[in-house]
Amino acid sequence: MGFSKDQLLSQLQELEIDYSKYEHPPVLTVEEQAKYVSSSEGALSKNLFFKDKKHRYYIISAVVDTKVDIKVLSQRLGLGKGGIRMAPEEALAELLQVSLGCVTPFAVVNESARDVSLLLDQKFKNQTRFIFHPLSNDVSISLSTSGLDKFLQSIGRDPVYVDLEANANPVVGKDQPPDLAVYVPSNSVVVPELPNKTPSAQAPPKNVSAEKTKPVASPKPSKSTGNVKSVVQNSGLSVFKNPDKFVEEILDKTSALLLSEVKGENVEALAETLRKRLTSEFTHLAVMYKNIAYSEGFYAGTQCQPKRQTIIVKTE
Amino acid sequence: MEVDKKEEIASDSSEQVVNPWEVSAKDGGKIDYDKLIDQFGCQRLDESLIDRVERLTSRQPHVFLRRGVFFAHRDFDLVLDAYERGDKFYLYTGRGPSSEALHLGHLIPFMFTKYLQEAFKVPLVIQLTDDEKCMWKNLSVEESQRLARENAKDIIACGFDVTKTFIFSDFDYVGGAFYKNMVKVAKCVTLNKAMGIFGFSGEDHIGKLSFPPVQDPYFRMTRDVAPRLGYSKPALIESTFFPALQASGENGKMSASDPNSAIYVTDTAKDIKNKINRYAFSGGQDSIEKHREIGANLEVDIPVKYLSFFLEDDAELEHIKKEYGEGRMLTGEVKKRLTEVLTGMVERHRMARAAVTEEMVDAFMAVRPLPNMFE
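Residue numbers (UniProt numbering), protein chains in the order written: chain G, 1 to 316; chain V, 1 to 375.
Worth double-checking, as some hints may not be accurate.
Said to hold, decoys possible - Below 30 Å or equal to it, Euclidean Cα-Cα: the simulated BS3-like pairs (lysine-lysine) are:
| id | chain 1 | residue 1 | chain 2 | residue 2 |
| --- | --- | --- | --- | --- |
| 1 | G | 241 | V | 153 |
| 2 | V | 121 | G | 245 |
| 3 | G | 245 | V | 270 |
| 4 | G | 290 | V | 164 |
| 5 | G | 150 | V | 153 |
| 6 | G | 71 | V | 270 |
| 7 | V | 164 | G | 276 |
| 8 | G | 263 | V | 322 |
| 9 | G | 276 | V | 273 |
| 10 | V | 121 | G | 276 |
| 11 | V | 153 | G | 276 |
To be verified - Derived list of chain V stretches under chain G, where covered just means 3 residues or more per stretch with a C-beta under 8 Å from a C-beta of chain G:
| id | stretch |
| --- | --- |
| 12 | 160 to 166 |
| 13 | 345 to 355 |
| 14 | 359 to 369 |
No lab work stands behind these hints, which were simulated from the structure alone.
Model, not experiment: these values are computed from the prediction.
Built from N, CA and C at the ideal position, the CB exists for glycine as well.
Only chain G is shown next, with the shape it has when bound in the complex (with noise of 0.2 Å):
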């Protein structure tokens, strides 16, 4: 099922990442972490595994003494003020297959953990090396910022860091855009609830399914308030490179400005108001479109093989 530690601690040593390990009886806080494992070994972490009303999952990894506050760090995802929580156990245990007490950004290896949004606290690139579990409580390791940062990279994943107490009163509102919310999961996840466990009272009613997991894309709340821009921070290049996220990224920002612009007014006066607004943006888009597809074609023809030549010899 889910990575073992020993599975971790070998793929750590394969990619050549420098750890150390600390063994000690399992342990459930930080407090009773810090018993066993002294700081001199590096810093403490502490780590949150969120869920916010979509049934999207964050882990928010931190230095110890960082301030976390979760009604900050929900406006700044843009999911208003009451917006996320913490996770329930057995999302702990279906997605991050780790056990209470247990996470830690390295549970982001299990393919489950596929959709969970992972925040780095900004304050561990100031440290030399930093503690973490290895998927498992009864052990500690203690590595580097690069260290976490090349796991991360080999498992396809970008690490993120973020100024866990910047913008202590965030105000978003149209020209401030929650400056977390690019990294909101674009997909949520449903999670079967464990079949002898009583529904809480705040979870509300899940989708039965047998399935683990079932992503479902979600319309992302940001566009319709005109927040297009951050999302396709997010994608990138990919905008100028698929005809898909293309055609989306047109048909956003058209559905966006339309909604924003219909007021009962004649359709005709719309398309009008439509077509100049957008025209510009969407030319501006399209020729970065042509340019990297030729440029990569370019490329290509400077790397491309001379045809076999066919020598034909002529005999008197």
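With chain G held as given, fit chain V onto it using these hints.
Structure of chain V alone, referenced to chain G:
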């Protein structure tokens, strides 16, 4: 046809002073552009010419034309005549890549040139004078070449079509046919003439002779020389300078050395908001009561000036000018709208810039056939 941004007068003029280092109007009033035009012997890019452009290109003229940013020309009407006949022309513009940080003022000629390329469907040549900057700014050869490539990325991000655009750096390209032309031109210009037009002295090193700092006389000289070599005269379009955030008073032009005088393409939304709110010179009155009574001084107000460059919607701009000028709109609102507009621009530029790969720069700068350059 060349697109040139700077506008100079020989500094013996008594009233207004316009040169690469200083821009000031008479008694803190408006720059008199008609006087500039007379003094330089170029022509006004007037309403009729703009209408003609609209007719010939079947699209709305660029906002810079509508608002008089590009206001003077030499022989642009002849270019339009040629275009109407079906003759071909190409565009030339350039940049001296002296710093990595590009601000909005730098982008203006490129934005306009991109419009010309799209509207007239003509090819474009962009020259990056890395050798010039190497000599004038005392940069190493490698550094100026690196800056040239970095600047090329920002230029490409403005949206030029790779099938119709050739970008070259002097260090990489000068040689062959290009050099032969350079020598031919150089033969037509005596040392005395160069020193006379450009004001060189015995102290300047000889490298500087090829790259005079004062642009317009240089182009006029080119126009003078071209027929002697059997070429047609290049036509020019010239623009007004783009004011610094703090504008008026001492120095009117944006300066790459003062980061608060300009909005850079690398500025974040927060930076832009900050710079506009704190540094943009306001024409509003000191108190709200006084402002509501008298209205804003639109002549010196920087946010309105910037909006006239970058706010596409003519009706909205007119509305803002009216409301602000008559005291019903406050500076804060105008600044807010400007921040929105500029943030949008810078964001789009950044996104496009992120898509420019090294391969793309190589493609733009490769000496290659452009079979569809007039399509």
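Verification of the supplied hints:
For the proposed pair residue 241 of chain G and residue 153 of chain V, the alpha carbon gap of about 18 Å is at most 30 Å, so the pair holds. A distance of roughly 28 Å separates the Cα atoms of residue 121 of chain V and residue 245 of chain G; the hinted pair therefore holds under the 30 Å criterion. Of the pairs offered as hints, the one joining residue 245 of chain G and residue 270 of chain V holds, with about 29 Å between alpha carbons and a cut-off of 30 Å not exceeded. For the suggested pair residue 290 of chain G and residue 164 of chain V, the alpha carbons sit about 12 Å apart, so the restraint of at most 30 Å is met.
For the given pair, residue 150 of chain G sits about 29 Å from residue 153 of chain V by alpha-carbon distance, which is consistent with the 30 Å threshold. Proposed proximity of residue 71 of chain G and residue 270 of chain V is supported: the alpha carbons are some 22 Å apart, at most 30 Å. A hinted pair counts as satisfied when its Cα atoms are at most 30 Å apart, and residue 164 of chain V with residue 276 of chain G qualifies at roughly 25 Å. For the suggested pair residue 263 of chain G and residue 322 of chain V, the alpha carbons sit about 26 Å apart, so the restraint of at most 30 Å is met.
About 27 Å separates the Cα atoms of residue 276 of chain G and residue 273 of chain V, which keeps this hinted pair within 30 Å; it holds. Note on residue 121 of chain V and residue 276 of chain G: the hinted pairing holds, with a Cα-Cα distance of about 20 Å set against a maximum of 30 Å. Distance restraint check for residue 153 of chain V and residue 276 of chain G: the Cα-Cα separation of roughly 28 Å lies within the 30 Å cut-off, and the hinted pair is therefore satisfied. With 4 residues having a Cβ less than 8 Å from any Cβ of chain G, the stretch 160 to 166 of chain V passes the three-residue criterion, so the hint holds.
Residue count for the stretch 345 to 355 of chain V with a Cβ under 8 Å from a Cβ of chain G: 6. That meets the three needed, and the coverage hint holds. Note: the stretch 359 to 369 of chain V has 6 residues with beta-carbon separation from chain G under 8 Å; the three-residue rule is met and the coverage holds.
Checked against the numbered hints given earlier, the structure satisfies every one of them.
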